[in-house]
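Asker: Under my numbering, the residues of the sequence shown are numbered 1126 to 1808, in order.
No lab work stands behind these hints: they were computed from the structure.
One thing to keep in mind: the hints can contain errors.
Here are the computed lysine-lysine pairs in the BS3-like style, where the Cα-Cα straight-line distance is at most 30 Å [stated by the list, open to error]:
no., residue 1, residue 2
1, K1248, K1291
2, K1474, K1513
3, K1291, K1302
4, K1379, K1176
5, K1302, K1379
This one's a predicted model, so the numbers in the text were calculated from it and none came from an experiment.
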Amino acid sequence: MPAATEKKTVPTRGKSNGAVKADQLLQAAVGAVPGGSSRPGQEAMVAAIDKAIREREHLLVQAGTGTGKSLAYLTPSLLVDGPVVVSTATLALQNQLVEHDLPRLAAAVEPVLGRRPTFAVLKGRHHYLCVAKMEHADEEAPTDTLFDDAPPKTTQWLGEAGRLGKQIQRLQAWADKTATGDRDELDPGVDDTAWRQVSMPARDCVGAQRCPYGAECFAEASRARAREADIVVTNHSLLAVDMLAERHIVPPHKLLIIDEAHELADRVSSASQAELTPEAVERSSRRARTLIPADVAESLAEAADALTVGLAETPAGRITAGLPELIQQAVTLTESATRAGLTAIGEVKGDDPDPVRKQQAKAALGDLNDTAQRLLEESAFDVAWVEKSDTGSGRRALVVAPLSVAGTLAQGLYSDRTVVATSATLTLGGRFDTVARSLGLPAAVPAAPADPQSPASGDGWTSLDVGSPFDYPRQGILYVAAHLPRPQMSGLPAGAGEELVKLVEALGGRTLGLFSSRRAATQAAELLRARTDLPILLQGEEALPVLVRRFKEDKASCLFGVMSLWQGVDVPGDACQLVVIDRLPFPRPDEPLAAARAAAVDAGGGSGFASVSVPIAAIRLAQGVGRLIRSTGDKGVVAVLDSRLETARGYGAFLRKSLPPFWYTTRPEVAVGALTRLAGSGQ
1126 MPAATEKKTV PTRGKSNGAV KADQLLQAAV GAVPGGSSRP GQEAMVAAID KAIREREHLL
1186 VQAGTGTGKS LAYLTPSLLV DGPVVVSTAT LALQNQLVEH DLPRLAAAVE PVLGRRPTFA
1246 VLKGRHHYLC VAKMEHADEE APTDTLFDDA PPKTTQWLGE AGRLGKQIQR LQAWADKTAT
1306 GDRDELDPGV DDTAWRQVSM PARDCVGAQR CPYGAECFAE ASRARAREAD IVVTNHSLLA
1366 VDMLAERHIV PPHKLLIIDE AHELADRVSS ASQAELTPEA VERSSRRART LIPADVAESL
1426 AEAADALTVG LAETPAGRIT AGLPELIQQA VTLTESATRA GLTAIGEVKG DDPDPVRKQQ
1486 AKAALGDLND TAQRLLEESA FDVAWVEKSD TGSGRRALVV APLSVAGTLA QGLYSDRTVV
1546 ATSATLTLGG RFDTVARSLG LPAAVPAAPA DPQSPASGDG WTSLDVGSPF DYPRQGILYV
1606 AAHLPRPQMS GLPAGAGEEL VKLVEALGGR TLGLFSSRRA ATQAAELLRA RTDLPILLQG
1666 EEALPVLVRR FKEDKASCLF GVMSLWQGVD VPGDACQLVV IDRLPFPRPD EPLAAARAAA
1726 VDAGGGSGFA SVSVPIAAIR LAQGVGRLIR STGDKGVVAV LDSRLETARG YGAFLRKSLP
1786 PFWYTTRPEV AVGALTRLAG SGQ
């Protein structure tokens, strides 16, 4: 039986007045905001989480944009004894909670609780300044690591070295006054090359006990603060590493809140992924060169050369019938050479002359050896593929990742704590089942015939959809261009381009274009620039934050881009009143993980397309469509230029059920008329 089904004792609430209720904290929090009031969905979410905490039952909560879900999960968390961990999808959301939501909440509930709640942020070790690394920061060589060979001293190198030296000098000055060592507090910031000179990845760290600067470690201090806080805010990537590697980074806790839970499985997959590259093998050899015999160093060089040849001769894509001969030989050489290097280095001891450097060398070789062994095992539970840059002359890598992480999550996520997973996108096709399976929860119990609309639940978990405060049928239109031909080739079809021009001209800008490929986005931008005088902003031509700011400020502008815009843009108000999606965002056939997972379902007698590709498209589409309505006053049109959303039997209806309930039409004159009225009203 999965750990999710176990019943455990109720958390003690000894940190606060036992008579205080979660709804009282919510009222205090919203009352502290001028004109603030709680919302029905928010109140329902607070009640459901409070019940889940008391009954130690895991909970999935879909809370639409505008619900106020952060406040809804934070207020009941304050009544749990011991730290409560909140995991977010991105550092941006992490910072929003720590810098804005939690300080306001703590001040608002202090009179009710009789104390001021505390909170802390917990990030990966590489986000913090490393005092040991600072002592060796190199002002001259702009290399990836302190121990790599310096590049030839060209004019460009000298310029880079001078710039890097200035950044490190600023970091050294900041190190003398910072209380946290958190990179996000450095303003203005430094580039990644400079930061790598003064930070330490977790795998390279010797640990506070063996490090001569352990007592001054900023990362260790952040963990100590987290152990004492009421609320600890972290991110999915660190949560995944903590769970997979059992590093005990996150403090023991009885309640885990997973925000943007639809992204957790992908983050765990990324944390479980490993790769081999010739550059990594060469880098490990340079790091270890003073610690290993010459013949071992030569073996590492041979392994790097073999891997270069093997990757050059092997086409990009998934490896389906065992490792190709050249790749097999290269991986075998890598495993043997790295194993010999690890033996030569031996154990890292506290009295070593330079334990930090020795640990870095050992960690680099250890990672490569683990990856090589994993690839040679050719486990049925792993997927391997060759990855190459689009140009063919850039990055080349041999990658391995788990076929599924649902089992990993089932075993590692739910024991000894209650889990509340929330997002605006947890139901696909109107049901929680698909996301629940991806999160490793037991299968949902079929709904009773008398109540087919009852919330989904399984052994040890239940669900709730609190809806959204937005009036989607009145605020927005979902227009599907059903008259267009089914998209075939990559890029922007001529018919879709004409439809795009017509829609954008009717509104006069204010358009966010979400495209399935960079080629399609570029073609759309070129078309609009040729046919209109509107400012067209294209992702990749400037830094994304700059483009988004210009899009918000200039209502005549259009912003076109690819997948990172589907989730990362929040533009409430009339600066964005048209969202155009060129085609349904199914995974590409050459996406190795999606293809392997679909093939596994097919082999088991199911439909890989229905079980894998359609859910991926549903989540992506819902995220993209969600860019339109961001506040109660927003109005506009979502235009999908892919007729399959209307015409495809089966999955078209499933995808539509996964979207907010906009007023729906396939008539182009309705969409154009609505946009023309919006342009004329000045709203």
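Asker: All hints, please: hold or fail.
Answerer: Consistency of the hints with the structure:
1. K1248 / K1291: holds (26 Å)
2. K1474 / K1513: violated (39 Å)
3. K1291 / K1302: holds (18 Å)
4. K1379 / K1176: holds (14 Å)
5. K1302 / K1379: Violated - the C-alpha atoms of K1379 and K1302 are around 36 Å apart, more than 30 Å.
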